Amino acid sequence: YPAIKGVSYLSVHLRFGTISIRELARAALADESHAWLNELIWRDFYFMILDHFPRVVGHAFKPEYDAIRWAERPDWLAAWQQGRTGYPLVDAAMRQLNYSGWMHNRLRMVVASFLTKDLGLDWRLGERYFADQLNDFDLSANNGGWQWASSSGCDAQPYFRIFNPITQSEKFDPDGKFIRRYVPELAAVPNKYIHAPWLMGRLEQEAIGVVIGRDYPGPIVDHTQAREETLARYAVVKKTG
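Residue numbers (full-length UniProt numbering): 1 to 241.
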């Protein structure tokens, strides 16, 4: 849960070699921290993929995914980078990244899914932005994470699995604490609407001083419609697979 300090924050130490992955693996096994150990295994798995398949730098692990025609919307890319998509959890995550150089792993999956499957933008654009912003940037892990989210990677999520940014927000930031921390313009929004503030009526927006489209952007895309467009975009994969 992003609002809770429940992660190790050791990724930057792993990245720069100030701590050994063997030491962390031993600690995880000793504490029976299977979820943590699993993340370490994913990290080394992506190392192995990059070593054996160096073409993944710049190309999909699954070649048929290179046939996908991505949207060309630099304005949408900028909104995603700046945390101005109108989806509070996505925006909070991107603002945390821009402010601190770090992002919770769950949020990395959420914003990557949003870029590729809600906005329909090329995963390489997100991969490049993360490379510029993350303090713990690692080529293999970053590439693997983005290819997992876009479904183009080895052992990636299926292309028809598309995160709903609202339900992800409700599940992983139920009280909106993380959202309010990084999107302070939504501080006065009631919990009922914190995950989808555009659902507030106009009078209620004016009463709390948060008018959608003035103080905070409306949703950049409609998730339901974007999902259908993504399934159509990925249809080329079924034809060539």
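Check before you lean on any hint, since a few could be wrong.
No more than 35 Å apart at the CA atoms, straight line, and that leaves these computed lysine-lysine pairs for DSBU-like [to be verified]:
1) Lys192 - Lys171
2) Lys238 - Lys171
3) Lys62 - Lys238
4) Lys62 - Lys171
5) Lys192 - Lys177
Label pairs and their computed distance ranges (CB to CB) [claimed, not checked]:
6) Lys177 - Ala207: 19 to 27 Å
7) Glu170 - Ser100: 19 to 27 Å
8) Asp75 - Ala131: 38 to 46 Å
9) Gly58 - Glu206: 18 to 26 Å
10) Lys171 - Val211: 36 to 44 Å
11) Ser20 - His52: 45 to 53 Å
If you are wondering where the hints come from, they were derived from the structure by calculation, not from laboratory data. Note that this is a predicted model, so its numbers are computed, not measured. Virtual Cβ for every residue (Gly too), placed ideally from N, Cα, C.
Worksheet item: Which of the listed hints are not met by the structure?
Response: 8, 9, 10 and 11
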